[in-house]
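Protein sequence lines correspond, in order, to chains Z and C.
Throughout, this note's numbering is defined as the position within the first sequence, counted from one, plus 145.
Throughout, this note's numbering is defined as the position within the second sequence, counted from one, plus 28.
One or more of the hints may lead you astray.
[Unchecked claim] Restricting the straight-line Cα-Cα distance to at most 20 angstroms, the calculated cross-link-like pairs of lysine to any residue (SDA-like) are:
#1 Z:Lys229 - C:Asp128
#2 Z:Lys147 - C:Leu98
#3 Z:Lys387 - C:Leu98
#4 Z:Lys387 - C:Arg38
#5 Z:Lys345 - Z:Leu370
#6 C:Lys163 - C:Thr151
#7 Z:Lys387 - Z:Leu218
#8 Z:Lys387 - C:Gly84
#9 Z:Lys387 - C:Ala46
#10 Z:Lys229 - Z:Leu218
#11 Z:Lys154 - C:Pro133
#12 Z:Lys229 - C:Glu109
#13 C:Lys234 - C:Gly84
#14 Z:Lys154 - C:His155
#15 Z:Lys147 - C:Tyr125
#16 C:Lys163 - Z:Gly231
#17 Z:Lys229 - Z:Met213
#18 C:Lys201 - C:Asp146
#19 C:Lys138 - C:Leu157
#20 Z:Lys387 - C:Glu109
#21 Z:Lys387 - C:Tyr125
#22 Z:Lys387 - C:Leu95
#23 Z:Lys154 - C:Arg38
#24 Z:Lys147 - C:Gln102
#25 C:Lys234 - C:Gly40
#26 Z:Lys387 - C:Gly65
#27 C:Lys300 - C:Pro263
#28 Z:Lys154 - C:Gly159
#29 C:Lys163 - Z:Leu230
#30 C:Lys180 - C:Met29
#31 Z:Lys387 - C:Glu47
#32 Z:Lys387 - C:Tyr85
#33 C:Lys180 - C:Thr151
#34 Z:Lys147 - C:Glu109
#35 Z:Lys387 - C:Lys201
#36 Z:Lys147 - C:Lys135
#37 Z:Lys229 - C:Gly170
#38 C:Lys300 - C:Arg272
Because the hints were derived from the structure by calculation, they are not lab data.
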Amino acid sequence: MKTTLTICKRELRSYFGSYIAYVLTALFLLLTGGFFYTWLRYFILFGGYVLPSGLWQQVFLDMRYCAMIVLPLVTMRLFAEEKKLGTIELLWTYPVRDVEVVLGKFLGAWLFYLFMLVPTVVGPLVFYAFYRFDLGPFLTGYLGVLLLGTAFIACGMFVSSLTENQVVSAMGTYGILITFWYITWNESVASVAVIEALLKISLFDRFLNFARGVVDTQDIVFFVLFVLYFLFLTLASLDARKWRGVGAAS
Amino acid sequence: MIEAHRLTKRFGFFTAIAEVSFRVDEGEIVGFLGPNGAGKSTTMRILGGVFPPTSGYARVAGHDVVLDSLRARQAIGYFPERIALYTDMTVREYLGYVADMKHVPAKQQKREIERVMDRCAVTHMAHRLIGTLSKGYRQRVGIAQALLGQPKVLILDEPTAGLDPEQVTEVRKLIRELRGHSTVILSTHILPEVEATCDRVLIINKGRLLAVDTPSNLNRRLRQLSQIHIEAQAPVVSLLEAVRQIDGVVRVEATHTDGNVVSVLVSTEPTKDLRSAIAERVVRQGWPLLEIRPVQLSLEEIFLELVHRRDQVPASQEVSP
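One chain only, chain C, in its complex shape (with noise of 0.2 angstroms):
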């Protein structure tokens, strides 16, 4: 339903994407994971027919979006990052506008209208100004402008952003009642809500796709690491230095200094407990441990960890004392 190709995009000496290939099946819910920056939303207006790849193709529902784009363009269903609407509408005058610019008929618009709004639960502020709105229902106007006319493909750049903990339930819920129905691809930073939502998750960073698996798969890919955390009072290079060398350790880093009170966070390989032994070498150093406890990573920390890691960035070790 969905084909990319190589697709690269260039601004000028910026490569905001490289190479970037993935099929998406019909019905199937994707979601597009990476930190801000990486190339998300290229991807998706690249899909959206906002602009064409420097190279590459990508094909929607069998069209290719720069050759075929209004028939691309026909197919889809699109939900903007910066979800931005003419304030000086009414909801209704503006979904009205909207199935215009799609080409619903006239005889099925307000049917339509009305099963959009419905399902995004907007029917109440049906008269209202858009620019009265608050964020949650702009957002879900938005929402109901991508379903308008039944897109086969939604596209959703980051649909949850910015909505309170019930909203973002809310559009999550109502993602899910979209499978089988619609082919969606959605873009996150947000971990849980992939989870929540996707069949298969992308990863990008850096405008390079990192890794396509299902949720769960790509879970316990991320659960490789643990992290515990120490509070000792010692000079900080010769702690980090006394840590470093404790087989299984895999970094180390001085999160606080307090006088000559170090927090350090150790990351180690996950199988192994290494609390006795980092206690152990604490204490023989002669320096008083004051804490001592393992770190519970979230998903985003692990992927970020992830992230970090493929980059190869060296990741600083040491402060000066």
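Isolated chain Z (complex conformation) (with noise of 0.2 angstroms):
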């Protein structure tokens, strides 16, 4: 556990050491307040007064193409860049399980999210002075992007374990999740039981309830079990270095 606290803090220095982390969160905080802007003046011109359907389900489903293209660039160096520089080998001579590692990695990428995340919540906060809206959708939704960016993360943090290269890490990371994203897009060339299928194992339709303000648990157990699954292949991946190795033979 404090291993896994060490190299959490380790990651949130390397984030907020270099530019990164500003230019992504700026990046992130743009595309987000930019479509907060723009449903907000469709919402008052045209929406009517059901804010849930007519303001955050547009927002939060908005707001999961933001962190999509943010996010892989958040994961693809957790372990590209320490391969490519080799620090990884040390890593591995230390006396630490490797389960810590990968948790350590993943909480820091998922504190640097929140706190990408945070800043989000000023221009609802604003409109909320103004029009006392309902808070429950709202929240709900808060926590369906939450859910959804971890979900990113431990997909990008396994893509970031299988290369050197961060750049093939972030394009291999939009690579899954692009056909996340568009693998219910079809419905006419499936039968209705594949679509459905899908449906049950997209992401991006998982997401739908949440910015509907609908909580399910279902839902819910689908991102732990996405993440889960990630976090072990991640495991899996970095247990190649048994027979594969590290950096070059000799």
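Each of the two chains sits in its own frame; use the hints to bring them together as a complex.
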């Protein structure tokens, strides 16, 4: 546990010690802020009085794209950078378990995501000052964004553990996430049963309930399993050093 | 303190080391000597817990490096061949991180970090970012992190590679100072390093352990060859042939030709001085002898000679005229 925190602390240091944290946060806030403003204007002009479907659904649906664009750039360095620099070799010689390393890095990226997410409430807070809306659907939406982002981070960390090239790491993550996005788009090419099954595993469709202000235990369980699955894959991928070696074999 | 038993490591079809067995006793400083790609780093990585052997086993401070990996790793300090540190941390922060990773109790951390910084002479760099340090200082920080936590066993993979001569001397001194405190296994492809620091030497080549001996014995065994350099005006093939027939010549090799002037390196048995015999043979053929002198072999060259002879790689004895 202590080791996990040590590694998490180091990851956060690494994010905030360079420009990367600020550039990515700026990008994320620009995108989310832009969407919130646009949808708020839209809601005021045409939306009527139903906030959950009129405003929050649109805002949170767009927020997932922001997360999809930014999070692979957050997770790309987690393992790829250490592999490239060679710092990973020393890491394996310390008396720590692989799982502690994985959880530490995961937690670091997750806390950074939280750091990016917190300022996005500023817009809605200002809105709240003028208009006392029902907080339930709003908080549900955030829970959804948080869970979705957590899933993205787990997935991105796994891809990062496969390569020592950060660009490959980010691109691979985009590949997987985009697949999960459009997987259910084309209803006409697959039978109803297939589409139903795909809907069950589609990250983005699972998110829809949260955006509408509905919390379903099934959805939460799905995200938790998704995260655990990718954490497990990351561990398995790190295990590959045992037969593949680290860096140049000599 | 370190025990390796028939260690074998394969990567796919490539066998990095095969059946490597050795022991290192408590307090010993042992050198691991071999050319690049011999399997030194693979062996050290196994001892350091980076990956397990394909077969065989190793124990460090009594703990199996695979079955009891955490405790084995708790007992070691490791310096990787390609030293890479987190460039975005200061020396002090980095050592603090390492102290946490090595589970050094919080109360002792400050003193322990100061001890290793002092030991490795990086105290005045404590608040510099590692990314701004020179290679020599990074190397020292690398050694400092290995020493942190006072591990019983130190595994140092080429600790002096890439340093300037003064720094090399310092690092060797540092290692000698560890005598008695820690058991050290260090790898190198430089023989004098072994002579300067080690109690015993393990020689490895192509993944196999060739010899285990003390540096002085090794030195004696290695100096079993002498070489003579000659330069003459003669046809290459006939000259090589003529010299090769002389009794006591082990190997003949043309090193350079310039027009009809040929330089030849003659390896001979160490007990005989064949200079006069060679000169006589060359002159009797009517070839002008331009130069003849004994070649002082460095330990490195003798070592390479030995390694290559063991491989029975047919050395090129002729060049086409």
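Outcome of the hint check:
1. Z:Lys229 - C:Asp128: Violated, because 24 angstroms separates the two Cα atoms, which is more than 20 angstroms.
2. Z:Lys147 - C:Leu98: holds, 15 angstroms
3. Z:Lys387 - C:Leu98: holds, 16 angstroms
4. Z:Lys387 - C:Arg38: The hint holds at about 10 angstroms.
5. Z:Lys345 - Z:Leu370: Measuring from Cα to Cα gives roughly 13 angstroms; hence the hint holds.
6. C:Lys163 - C:Thr151: holds, 16 angstroms
7. Z:Lys387 - Z:Leu218: violated, 28 angstroms
8. Z:Lys387 - C:Gly84: Distance ~14 angstroms between Lys387 of chain Z and Gly84 of chain C Cα, so the pair holds.
9. Z:Lys387 - C:Ala46: holds, 16 angstroms
10. Z:Lys229 - Z:Leu218: The given pair, whose Cα atoms are some 16 angstroms apart, holds under the 20 angstroms limit.
11. Z:Lys154 - C:Pro133: holds, 18 angstroms
12. Z:Lys229 - C:Glu109: holds, 15 angstroms
13. C:Lys234 - C:Gly84: Distance of about 18 angstroms is within 20 angstroms: holds.
14. Z:Lys154 - C:His155: Holds: Lys154 of chain Z and His155 of chain C sit about 18 angstroms apart, inside 20 angstroms.
15. Z:Lys147 - C:Tyr125: holds, 11 angstroms
16. C:Lys163 - Z:Gly231: holds, 15 angstroms
17. Z:Lys229 - Z:Met213: Cα-Cα ~25 angstroms, so violated.
18. C:Lys201 - C:Asp146: At roughly 14 angstroms apart (the allowed maximum being 20 angstroms), Asp146 of chain C and Lys201 of chain C satisfy the hint.
19. C:Lys138 - C:Leu157: OK: Lys138 of chain C and Leu157 of chain C at ~19 angstroms, within 20 angstroms.
20. Z:Lys387 - C:Glu109: holds, 18 angstroms
21. Z:Lys387 - C:Tyr125: violated, 25 angstroms
22. Z:Lys387 - C:Leu95: Distance of about 14 angstroms is within 20 angstroms: holds.
23. Z:Lys154 - C:Arg38: Between Lys154 of chain Z and Arg38 of chain C the Cα gap is close to 36 angstroms, so the pair fails against 20 angstroms, i.e. violated.
24. Z:Lys147 - C:Gln102: Cα-Cα ~15 angstroms, so holds.
25. C:Lys234 - C:Gly40: Satisfied, since the Cα-Cα distance of roughly 16 angstroms is no more than 20 angstroms.
26. Z:Lys387 - C:Gly65: With a Cα-Cα distance of about 19 angstroms, the restraint between Lys387 of chain Z and Gly65 of chain C holds, given a limit of 20 angstroms.
27. C:Lys300 - C:Pro263: violated, 26 angstroms
28. Z:Lys154 - C:Gly159: holds, 19 angstroms
29. C:Lys163 - Z:Leu230: Since the Cα atoms of Lys163 of chain C and Leu230 of chain Z sit roughly 15 angstroms apart, the hinted pair holds (cutoff 20 angstroms).
30. C:Lys180 - C:Met29: holds, 8 angstroms
31. Z:Lys387 - C:Glu47: Given that 20 angstroms is the threshold and the Cα spacing comes to 18 angstroms, the pair holds.
32. Z:Lys387 - C:Tyr85: The given pair, whose Cα atoms are some 14 angstroms apart, holds under the 20 angstroms limit.
33. C:Lys180 - C:Thr151: Roughly 23 angstroms separates the two Cα atoms, so the pair is violated.
34. Z:Lys147 - C:Glu109: violated, 28 angstroms
35. Z:Lys387 - C:Lys201: violated, 35 angstroms
36. Z:Lys147 - C:Lys135: Status holds; Cα separation ~15 angstroms.
37. Z:Lys229 - C:Gly170: holds, 18 angstroms
38. C:Lys300 - C:Arg272: With a Cα-Cα distance of about 15 angstroms, the restraint between Lys300 of chain C and Arg272 of chain C holds, given a limit of 20 angstroms.
Hint compliance for this structure: hints 1, 7, 17, 21, 23, 27, 33, 34 and 35 are not met, and every other hint is.
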